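So the protein lines, in turn, are chains A and B. If you use the working numbering, the first sequence corresponds to residues 1 to 109, in order. If you use the working numbering, the second sequence corresponds to residues 1 to 113, in order.
There could be a bad hint or two in this list.
Below, in silico cross-link-like pairs of lysine-lysine (DSSO-like), each with a Cα-Cα straight-line distance of 30 Å or less [unchecked claim]: (1) B/101 x A/42; (2) A/57 x B/101; (3) B/57 x A/108.
None of these hints come from the bench; they were simulated from the model. From a predicted model like this one, the values you see are computed outputs, not experimental measurements.
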Amino acid sequence: EDQVTQSPEALRLQEGESSSLNCSYTVSGLRGLFWYRQDPGKGPEFLFTLYSAGEEKEKERLKATLTKKESFLHITAPKPEDSATYLCAVYNQGGKLIFGQGTELSVKP
Amino acid sequence: EPEVTQTPSHQVTQMGQEVILRCVPISNHLYFYWYRQILGQKVEFLVSFYNNEISEKSEIFDDQFSVERPDGSNFTLKIRSTKLEDSAMYFCASSTGGNEKLFFGSGTQLSVL
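With the rest of the complex left out, here is chain B (with noise of 0.2 Å):
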């Protein structure tokens, strides 16, 4: 069955340092999503991607943050300069459709020392 990749499952980092973390849709959707969920608290929305740009954004998703879909398969978010909360588990999620299921990845566990 067709699943969302996502690497690296843990990232340690220093704060004020770049961090990229990269996810692979499935290979047919046309949706990208980064969500992130702080240990406890509910997943939150961070943006949506369609068609080679961005369609959605929520307030966190500041200037800090930029999305990239460098080839036919990567989808990447960038944290420019990480803060300490931004420690969280960072999903990717993708869809066929825009108001469709979305299929999550493992997710990748951000530490930021």
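Same shape as in the complex, but just chain A (with noise of 0.2 Å):
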């Protein structure tokens, strides 16, 4: 069955503190593996799509990386306004975009 999985469901760093999110997936085909950033009552923000193992993306303060299993967004020097919940997905052959569960991030002054 096609899954996407994220981790850490939630995330607190303080200003400045680089970390990682974690999207692991498991689909057959993969036709691309997508970042979005989803502010309160929003609708996801795209950020990056990724298509090949050793693919990486660079946005600001964010970078993104993929290998055969699963994907890092590494967050550098995070500010508070970077506090979002930053969703994973990738599309499975049937062309439906499935998305992980999200990592909560809150970044502090």
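Combine the two chains into a complex, taking the hints into account.
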């Protein structure tokens, strides 16, 4: 069964304290892994797409990496405005985008 | 920047009533989706729509649900007879291609009483 599991469920950081979020996936025929950011009461906002193992993408303090079984979202020197829920999602062969349960990140000043 | 717009932002209805959730996808997008998120749970796929027909649907999307693209700009989700368990945030999304990134609207919070 196609599955996406994210860890940890919640992460509390001090401003400037770097860390990583994990996304493990099981899908037959990966057609893209996506990272989204979701603020409370809002829709997911696209961050990155990764298609093949070894690929990396960066945007400001965020860097996403991909292996054959998992992806990491690295956050370098986070700021309070980075506080949000970060969602990982993969396309399965049926064309459905399957989401993980998310990691709720809180960055304290 | 183009965005997906959804109306209303909040909808309160009585159990058994019909509701229609409305969405205006990004204008040059060809693929349209509905997802839902029950409070504290995952974002769940409901249905995808391409070329004026459903291309994929989940087991959640039963006979009580239907989608329509009544004109060149709107995309609607109808729930014929709402149940308490239909209470959730419903997100519309659109994309340029079948395996491309999705752009999501801000959602409609549906509360069934």
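Original post:
residue 57 of chain B and residue 108 of chain A: Cα distance at most 30 Å?
Top reply: Measuring from Cα to Cα gives roughly 41 Å; hence the hint is violated.
Subject >> Distance restraint between residue 101 of chain B and residue 42 of chain A, which requires alpha-carbon spacing of 30 Å or less >> reply: holds (17 Å)
Subject >> Hint consistency between residue 57 of chain A and residue 101 of chain B [alpha-carbon to alpha-carbon, up to 30 Å] >> reply: holds (15 Å)
Comparing the model with each earlier hint shows a violation of hint 3 alone; every other hint is respected.
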